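Enquirer: What follows is the residue order along each chain.
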Amino acid sequence: MPVFQIDGEPVEYEPGEKVLSAALRCGKIIPHYCYHPGMSIVATCRMCLVDVIDLGNGRPAPKLQTACSVDATAGMKIETFNQKVEEGRKLVNEFLLINHPLDCPICDQSGECTLQDYSFKYGSGKSEMDYSKRVNGWRDIGTFVALERNRCIQCSRCDRFTREITGTNEFGMFNRGHELAVDTYTDRPMTNKFQGNMADICPVGAITEKEFRFKRRVWKLKKNHSICTGCSTGCNVTIEHDRNEVFRLKPHENQNVNKWWLCDEGRLTYRKMNEKKSRINQPLGLIGENLEGISWEKAYGAIAERIRELKPLPQEVLALTDTHASNEELFLIQKLLKEGFSSENIFCPFPTWEQSESDFFINTLITTDKTPNRAGALALHIKGDQKNKKLKKVIEGELKVVFVLGNPFENELEFKEIIKRTQLVIHIGVFHNSWSEMADVVLPGQFYSEKEGTYTNKNQRVQSTEIAVKALRRTRPEWQIISELSQALGHKSSFESIPQVFNAMVQEAKAFTGISFDKIGSFGIELTKNTKDPGKKVVPEMTAI
Amino acid sequence: MLEETLVLFKNIRNPKYDKSLAGYKKTGGFKSLKKVFGMKPEEVVQEVKESGVRGRGGAGFPTGLKWSFMAKGTGKPSYLVANADESEPGTCKDRELMLKDPHLFLEGLMIGSYAVGCHHAYVYVRGEFFPAIKTLNAAVDELYADGLLGHDPLGSGFNLDITIHTGAGAYICGEETALLDSLEGKRGQPRVKPPFPAVSGFNGCPTSVNNVETLACLPFIFSDGGVESFKSFGPQNNSGTHLVSLSGHVNSPGVYELRMDVSMKDIIYEIGGGIRNGKKLKGVIPGGSSSPVMKADEIDVLYNFDDLAKIGTMMGSAAMMVFDEDTDVVKLLHRITRFYAHESCGQCTPCREGTHWSRQIVRDFLNGNGSEEKLKRLDRVGGNMLGTTLCALGDAAALPIQSIVNKFPEEFRNYYATT
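Residue numbers (the working numbering), protein chains in the order written: chain A, 26 to 570; chain B, 36 to 454.
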């Protein structure tokens, strides 16, 4: 790759790349507002000024250049930090601030506002503007975001977002000159499913998330990298939490999955992470007629004892799981059945799902499959579908022991009627549901945000999650529960950690061959073998206007 | 006595001239086009380069050179757009041409289209020019009826359509990239350059945007012996005649066609007939409101691109605004800053904030709230806009502020000394 120099250091660039993009890639700090790597370049904020001391032909540029619009060329020399640059930025910053309200203490962007950051660096501390500031007022622009136009610095990122990213064109710039303001067309509220991104890309506090604002100051939030489990796309997110409460999900850049974006539906899954009411908060066992709290040891002991009594044959054991479970959990429960009961009766629902196809990439982020790990289950050759003949046969035969992981087949009342009559039903799950009501033993699992795990997305990419918040005291991650349960049943294998389970899975499951836990990294890794998904249907996305 | 040199105004100055197609043909119209159709497009561009004609819209960029930058072999169509969005305060030359001799301009447009290989030329007319729009449309209809436009005019095998497009009243749409955005149906806002329109212009295709007067020069250049006589009308690098829009406190304001080697003094005192009511001259805005102001003692200079640039100002669109000793330059500056604050598109920071802020400061002086500090601030705000914006509007707003503040500071001081 050709090379040019930034502050005396050689930097490689792709032909056609802009100076700012190359500089940011190598960790240089150049203040900017209107530039966004995912959108077109307008070069209007004029903040990313740099000094081009050599254009590549031995001559300097006559004046300061905006780094976002200058093409990098071989032999070019750039200074991102000298007195001339500082002064240039200072004057642009002054212009930006004269009409920007200095209400940082009550502004929700405070702490993650680039205008605030750069004003500390380049602001003068004293304004020479002695006229009243421009007032454009707030506008109600949609369900998900709030718009306070007084704070707007007219960078036009939001305008470009609806034009270039979602293609919905519902947002735009109105009036001109000093009165330039953003708004929706014909006063209609926005309808696109990605409004939250507008709050992310807004460099100031003009657009903020209604769901989050005024709940917590951003500098108090701790951040953990994770993935969104709202659908099978597996967008990379940052879980932002404080005092064990999750406040919001923000997209985390991953060019292979979601680029910079996240849908509003995905953002709202944070609510489920704080859900306490319907959580199963301790192991429960059927004592007499009622489920009562018991200890883990007692639960495992009781299960082991009962299974020893029942002595189930392979066809008398069944495990039902949903695709919310991680790869490791699916693998372990499969292994439990195989090792303990020589049974392969593990099933999960695979309803057909739709993948939209669109000229606008962002529309392909939302799928109708609202579980994160369908591809993982398929890769592990777990069979499924309520109409599956084998499943029907198993259900209609003699059943003695049923394991239920999560909430599979929730609408299949017939199944439930049959399984209810089974002698031992073990439910492992996070929330109370109809399965936990009919179970003999209920083992409380943990939610995505509370445990580690890997998930395989619709494009066969394996991605891992981190522990963000602490789980309830008497719950355990599902993979640990299954591992402990198999030990209680006297099986050989025992696992201490997720990497260990993952690497064992790589050994045993063909689809995962060639990867290891370390290779997943923060951007995930694609499976080498593609598993066909018969339930996938590609539909063209009609962009709503 | 200084007189006009009639090239572009040859017909307009003839009181018996019939501006219809028949009338234009009688005066030798479309002979140049016929000649051009016999040449290769590259030869036409070369000839225009030779003539040294420079863009009359304000920047003075050599037209032939501009055309030679047009991207070739891209597989995309090329476009020629005539910039008839004449809205620089003080300028009214293109209106005269379009209104009184539309066929001269349209012939020039056709020659230009042939040179750049354009098969659909556009005329972006300022929306307020209702009579000119009417005349142009009528003239284009005549050309189609005569077979000079459309399929295979004059048996040349070259197809050409012309569309007259009206603007919606924004000064910024006179900037070529904003004009193209507006022509595409978008908000008229200047684009980031590069890429220049010659590479990616109208609908992403190679485009040349030329001023009406520039195009109107072409029929003369391609007449017999045109290049030599065109070059003889002015000093080196400033060839041809140009239309000077003389306005302000002169006895006979108007649009005059002059050579490029005439001094400003002569224009004001001989062509313009001197200052109204026998007053003394205070200053001149030499090239439309965006050019730096000149004081009365600076006007002994040749009125062309290079000589004005040498003394730190510019000829721009050759709109000379003369003001006499009674003129209040603070009010003048207020009017100018008001104009730019209103016409700034607002997309880039220094211009959006600076034009409005400078207007507020000048208004303070008029309201008796001026101070030495504010005078300095005004100069600083103007300077901060200069050269920091995306397009030239920021410079256009900054130059008059800086020149007036620095050349007439005592007038500002009078405002706050007396109140």
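Since the hints were made in silico from the structure, they are not lab data. Please read these numbers as outputs of a predicted model, since none were measured by experiment. Hints may be right or wrong, so weigh each one.
[What the hints assert, rightly or not] With a cut-off of at most 27 Å between alpha-carbon atoms, the simulated BS3-like pairs for lysine-lysine come out as follows:
#	chain 1	residue 1	chain 2	residue 2
1	B	K411	A	K115
2	B	K300	B	K107
3	B	K228	A	K88
4	A	K102	B	K266
5	A	K53	B	K228
6	B	K409	A	K146
7	A	K247	A	K284
8	B	K409	A	K109
9	A	K109	B	K266
10	B	K409	A	K158
11	A	K297	A	K158
12	A	K151	B	K411
13	A	K115	B	K107
14	B	K266	A	K151
15	A	K561	A	K417
16	B	K345	B	K45
Enquirer: Holds or violated: are the alpha carbons of K53 (chain A) and K228 (chain B) at most 27 Å from each other?
Expert: holds, 24 Å
Enquirer: Within 27 Å, alpha carbon to alpha carbon, are K409 (chain B) and K146 (chain A)?
Expert: holds, 25 Å
Enquirer: Need the status of pair K409 (chain B), K109 (chain A): alpha-carbon distance at most 27 Å?
Expert: Answer holds: K409 (chain B) to K109 (chain A) is near 24 Å, not above 27 Å.
Enquirer: Can you confirm whether the C-alpha distance between K102 (chain A) and K266 (chain B) stays at or below 27 Å?
Expert: Not OK: K102 (chain A) and K266 (chain B) at ~42 Å, beyond 27 Å, violated.
Enquirer: Hint check: K115 (chain A) vs K107 (chain B), CA-CA at most 27 Å. Holds or violated?
Expert: violated, 42 Å
Enquirer: Is the straight-line distance between the alpha-carbon of K266 (chain B) and that of K151 (chain A) 27 Å or less?
Expert: violated, 57 Å
Enquirer: K345 (chain B) and K45 (chain B): Cα distance at most 27 Å?
Expert: Answer violated: K345 (chain B) to K45 (chain B) is near 31 Å, above 27 Å.
Enquirer: Given the hinted pair K411 (chain B) and K115 (chain A), is their alpha-carbon gap at most 27 Å?
Expert: holds, 18 Å
Enquirer: For a C-alpha distance cap of 27 Å, please report whether K247 (chain A) and K284 (chain A) respect it.
Expert: It holds: about 22 Å lies between the C-alpha atoms, which stays within 27 Å.
Enquirer: Hint check: K109 (chain A) vs K266 (chain B), CA-CA at most 27 Å. Holds or violated?
Expert: violated, 43 Å
Enquirer: Can you confirm whether the C-alpha distance between K561 (chain A) and K417 (chain A) stays at or below 27 Å?
Expert: Holds: K561 (chain A) and K417 (chain A) sit about 23 Å apart, inside 27 Å.
Enquirer: For K409 (chain B) and K158 (chain A), compute the direct alpha-carbon distance and say whether it is at most 27 Å.
Expert: Distance of about 18 Å is within 27 Å: holds.
In this structure, the earlier hints numbered 2, 4, 9, 11, 13, 14 and 16 are contradicted, and the remaining ones agree with it.
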